[in-house]
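Undergrad: Chain by chain, the residues run as shown.
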Amino acid sequence: MTTPRTSPLAVRMHDISKSFGPVRANRNASLEVAVGEIHALVGENGAGKSTLMRILGGLLNADSGIMDVNGRDVTGWSTPDAIAAGVGVVHQHFMLVPTLTVAENLVLGKEPTRGGQFDNRRAIADVKRLGEETGLVIDGTRLISDLSVGEAQRVEILKTLYRGAKILVLDEPTAVLSPPEVKDLAQVLRRVRDGGGTVIIITHRLDEVMDLSENITVMRAGETVARFRTRDTNPAEIAQAMVGRHVRLTTREFAIVTETTPSLQRSAESHTAAADALIVRDLVVASSRKPHEVDTVSFTIHPGEIFGIAGVEGNGQTELIEAIAGLRHATTGYVGIGNRDVTAASPRERADLGLSHIPEDRQRRGLILDYSIADNLILGMQHRFTRRGALDAHAITEYARAQIAAFDIRPPDPLLPARALSGGNQQKVVVAREMGGGRDYSVLLASQPTRGVDVGAIEFIHSQLIAAREAGKAILLVSAELNEVLSLSDRVAVMTGGRFVVVMPAADATEELLGEYMTGARAAA
Amino acid sequence: MKPERREKIEEALFAPLVAILIAFVAGDILMLSFNQSPFVVWRLLLEGSWGNAYGFGQVLYKATTLSFTGMAVAFAYRAGLFNIGGEGQLAAGGLAAALVGFALPVGFPAILAILLGCLGAAAAGGVVGAVPGYLRVRFGAHEVITTIMLNFVVLALLNWFIATKLRVPETLHTPEIHAGAIPRLSAILPAFHGSAANLSVIAVIITAVAMWYYMFRTRGGYELRAVGLQPDAAEYGGISVRRVLFSAMTISGVIAGLGGINFVLGYKYYYEDGFAGGTGFLGIAVALVGRNNPFGILIAALFFATLSQGGLALNAFVPKQMVDVLQGVVIIAIAASVPEVQRILLGARKRLVDKPLSESAAAPTQPPAAAV
Amino acid sequence: MNSFEIITQILRIAAPYLFAAAGGVIAERSGIISLTLEGYMLGGAFAAVVGTFYTGSPTIGVLCGIGGGMVLALIHAISCIRYRADQVIVGIAINLFAIGITRFFLKLLFGSSSNSPRVAGFASGYANPLLWLGLLATPVVAFLLFRTTFGLRVRATGEKPEAAASVGVSVHRVQYTAVVLSGALAALGGVYLALDQHQFTDQMTAGRGFIAVAAVIFGRWSPLRAGAACLLFAAAETAQIHLQGNHVVASQFIEMIPYVLTIVALAGVVGRAIAPSALGRAET
Amino acid sequence: HIALMIAGRGRGDATLDHSGTTIGIVFDVGGRGDKSFNDGAYAGADSARRMLGVTVRYIEPGDGSDRESGLRLLAAEKMNLVMGVGFIFTDDLTSLAREYPNINFAGIDLSLAYDSTGKLIPLPPNLAALKFREEEGSFLVGSLAALVGHSRKVGFIGGMDIPLIHKFEAGYTAGVKYVCPDCTVISQYAGVTPDAFKNPSRGKELALSQYQSGVNIIFHASGATGQGVFEAARQMHKLAIGVDADQYQEAPGYILTSMVKGVNAATFDVIRRVKDGSFHGGVYSFGLKEGGVGYVYNEHNKALIPDSVHARIEAIKALIIAGKITVPTTR
Ligand SMILES: Nc1ncnc2c1ncn2[C@@H]1O[C@H](COP(=O)(O)OP(=O)(O)OP(=O)(O)O)[C@@H](O)[C@H]1O
Ligand SMILES: Nc1ncnc2c1ncn2[C@@H]1O[C@H](COP(=O)(O)OP(=O)(O)OP(=O)(O)O)[C@@H](O)[C@H]1O
Ligand SMILES: [Mg+2]
Ligand SMILES: [Mg+2]
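Chains as they are written, first to last, in my numbering: chain X, 19 to 543; chain C, 104 to 475; chain F, 735 to 1018; chain W, 4 to 334.
If we strip away everything but chain X, and leave its shape as in the complex, we get (with noise of 0.2 Å):
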């Protein structure tokens, strides 16, 4: 951790300890942040990153260490000091109030008044001007619960500059960003470098951190296990650290594979013969917002395929998914699963007829946080658990110790609830339940499966889809992330504005030729 210094240190903390309860989420954790410089803070799902980040911040207080902004020590500080002493953060879970306005956001904290009154004028003012400064236009009257994540995302930049952030901090901010996005997002990032602004940026995307970064810092189990300069070094380095053994890279740099990982290539035979396993016919879904979320959408997929939607999120994709299964009334159209009619049927009735699904929400869909883990893998087969109106409390709990085995699922205790795990050990629960044993699925609706979880649990993941269409499964797939949809599908639609822009085979897509569609530079052929 002996690097040596040119520049002077925007941040160093060191020997930072920090426990929840039993969890040690950061243990001598260190960090050192020269000015001027793009910090990347790596490491696996769980290893303290936010933690230490929300340390940073003044969100939470260490229970032990120090820290230095700009050569002061403000260990225990609050978040107004950080605020005020030009730190900002931009939290991996947004930190914008969905009923207010982009303005009243921006502003809220430190807001302009006139007369004593707000004044929103100038807040709204304040966003274009801040806009233009920077890149990052938005209108400040917009709601902040009609905004696209990306939008949200420049609103939480916006915000911390606003505040006259010196050092930015960045916790995932890339997890729900479309290519074109991120792209903006390190043109914006670099211009806040460039103008003597420091930043800190929390990344699962090894392809970012070499990228962007001057100098990356790894987290694992708490600790900082290493740090190097990113031009003397390479992913599989990086990797190697982060999950302490070995690891091998494929050639898209996007995913880290270790030996026993199946193949990515798809088995010779093919299953066009098949019938169709999902039919989707002429589907119009509406949303609180539109009438036409879903415009008019058709498609099918056959067994053993795996169907790519991509997309800029909030282009209905959503909704989509969820009029599929059952959780959104679809105002004309059809859905079939196998030769049956599912248009009007409830979501328990979709799932006995082979439907699974993994939701893009887990803490709100996906999972009851304050149910044990064994209780949320029987969520929806609970009546298979049920004998004579009761539960099944001794299967239930066989059942859930054998697919936390399968699944890795840490830690291993069928009785912890489900609030207590890390962000992708939840996910891991969701698959579990979705597509582990007890499932006996034709059809899964997988919505970003990966989202936030970290190298390792990516990499199993996907050998589970890959998996579970080699057993002959028809799997929708939709993910923010470019690379996810076109390594993983056979096929890959686009959809933008509610409607499929374009439909093609994944071997004949690349990720330029996809974001032309997804930002509408390439219109519908």
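Among the hints, erroneous ones may be present.
Here are a few chain W residues that face chain F, going by a calculated C-beta distance under 10 Å [what the hints assert, rightly or not]: (1) D37; (2) K38; (3) A46; (4) S190; (5) V195; (6) R205; (7) S212; (8) A227; (9) Q230; (10) E234; (11) D249; (12) E253; (13) E293; (14) V312; (15) R315.
None of these hints come from the bench; they were simulated from the model.
None of these values were measured; they are calculated from a predicted model.
All C-beta atoms in this analysis are idealised placements derived from N, C-alpha and C, irrespective of residue type, glycine included.
Fit chains C, F and W with the ligands to the supplied structure of chain X, relying on the hints for placement.
TA: Leaving out everything else, chains C, F and W with the ligands in the frame of chain X:
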């Protein structure tokens, strides 16, 4: 998970104890302001409630009704619904029980008559509970308002019925039932002579066990709690949220309605306008102090009943107003000390975990919870 | 009675609801459940009468009343915010406590279980300054919520406290202020009742605080809509008064009018109410 | 806390002197200070305490089942007389009187039960029912209101809409019609729950709308709700009629009269009987004849009532006492 269970028990017991202590001090101050010796007064309060069989019988009687309304509130609460309509449901149940008992011929087999009376009470309470349930599910009408409003409506309806249809002249009650009287406790244990306590306590215990079993051991309970905790996830899990909400509200009404038997079949043998007064609200406090657990509710109900009955024994020395104040103070103290004590216990445990591992002496300056 | 008198009567009946609902909106917007309005009203009514009784000045009485409501609100706030107590339980307890403590001091100070002596007060109707204040209450709260910095922070806090905290807003201070303010406002509703009556009567608020809670939800947490709900409710009550006594319909059914009306309106017209999303959430 | 207990020990006076005649009274909800029948009973007992030297103990119950509990507590202490104030005590008193045959019981407003042939079911020999013929007094104030009111409309405001209060309304209405057949009586009630007896704001609104519609005089039988009626009278400069006790002091100058119920006298009387041994069970009915009900005519309200009107009312009173007028008890 033995140690966890112990922690849970510690936490469940410790907090109320702290609260009761706080209430004691508040009570002392009140008593001293009336120039009475707290020692004597507390002794009287205990003697009047648990000190003799009669007083204890009265405590049991009061606790019975409170347990029913408390469990009703808790049942709905577990599904994420807030049933403020306990009073109306209880009253409707009481009237139904009386009507059944009145309609049956004299000499009708007792057990059967009691069961029919219970059934009537449960059904009437269920109907009153189903209305806000339906309004919620069908129109999205907020059950807090509809249950508050329905209380007024139901009480007015019952009053109308008593005033115009079936009444002993010069009174506000129905004629006595012909069948279905639930035996008094004193029929078994003569020491309880004169107290209103009756075998409805058995119904309470059965209801509590049934509720616990349903809530924590059956698929219905699993689904109900899921809806209460995370309706979106429940819907995703194939649970019909609407059906669960509707049935939870209805069953909540059933439980409250069943409470009507205590007064009607067990005590007075007739329905009297206004017998339910105030029990709905106190039921909310009982449910929440009992942490929405049926057995916790039984204990909480006993506690409130003790205060109420003991307060009567004090009546000659300090005004009953003091007991009113005390009740409020106790609830606030319990509600406030439970999370606080939890936090302290958690902190203690955390220090235990930390000590052997970390050399650093720096103590946490702030609880983690203070971050938000 | 002519229509002018009827409108006057509606406004008189509405005034306490308007105060309490205004208070309810602001507390709930900050994320704290307002089942306590009834207790604040009762405490305010009693404190106002005591203050007026000992000073002879209803103005001082009003201030005492506000103080009384604020003290109760502070107890509520401390329990819910500092000690993270369940807001509903404490709410119920505050109401019981208010009934008890007012009875207690009624007995202690005035030797009665039901009434205080007559005190000075305000003239009724438009000559009552509190009536005007009541009519202003919801617009003022609307201004406060939507045109001031404090209001912005209240709305942010009730919707997403972690977001407010992350930008350095002291969530607790906002909530304390909002709840104490709601205590003051709701207390004014009770003060209105008491000083219009020149007297305190045991439980004289008679459930009006709960009607105000209903109005808040009915008005979907918007001060002006909640105000409209209060007026609607007062109008129904006025109608009830005028329909009474004709002996054609039993009084019990007339008594139901406002309540049935609310239920019907809620089911038919208003539809789903969406609460501030952090309402009642115990912060951790 | 322990320290407080010790400090407080011995300072309390939580003991009772049990020598001599002991009287126990359980009040109705509302309790002491209601300026109505609870206070009446209290006043009667208090003068008995002073003049007859009896010991009195009072209980104010919290909820329904406490009524019986309170009575039982007092009976168990072997009080010489246990009294319940209000019709609501009827069943509890009846069953306790059977259970404790050696203790005397009395109930104010005790309701009486009749069998299917209309015959009174006899009370236990140790239970006295102190009944008031409120309708007779109400009849007189009704006539008075019609004669003084200068309006074809007079008002009545009841508390809770129940038969007990209908008795007041019925007598009042009959009294109005007796002297003014084409007068109308506007009768309203404050509600259908017990809250209706303590909702002065509602009382005031009811009264204001009555006054505004041309009523000049309102008779209330609504407990604390009546305070609102008086308030409205002050504000509109109209008149109101009090109930149970002389309520002149509640709004001097605005109270035409009060329909008084001699609860204090009846209470005093029954205590005296216990003391001197002349107590016996049964119905004690107090009407105009016995001086148990009446209307107030004194130096306070003389000015409001013309002599001719006073004379007319006295004449009607004589007719009622003589049985020439039968006063209805139901509306
Ligand atoms: N508020 C909390 N209460 C309890 N445990 C917590 C809390 N916050 C974090 N943890 C735990 O601390 C550990 C570190 O979490 P942290 O969020 O810092 O990880 P991370 O590196 O950000 O992971 P990810 O890549 O998933 O975002 C995890 O085990 C997590 O479960
Ligand atoms: N009260 C808590 N008790 C236990 N664990 C908690 C608690 N609060 C948060 N956590 C855990 O701490 C972790 C840190 O939260 P954070 O917001 O960083 O999510 P995360 O793990 O990074 O999830 P993701 O990356 O999927 O968004 C979460 O995984 C969550 O499970
Ligand atoms: Mg994180
Ligand atoms: Mg994460």
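Undergrad: Check each numbered hint from earlier against the structure, then list the numbers of those it violates in ascending order.
TA: Failing hints, ascending: 3, 11, 13, 14 and 15.
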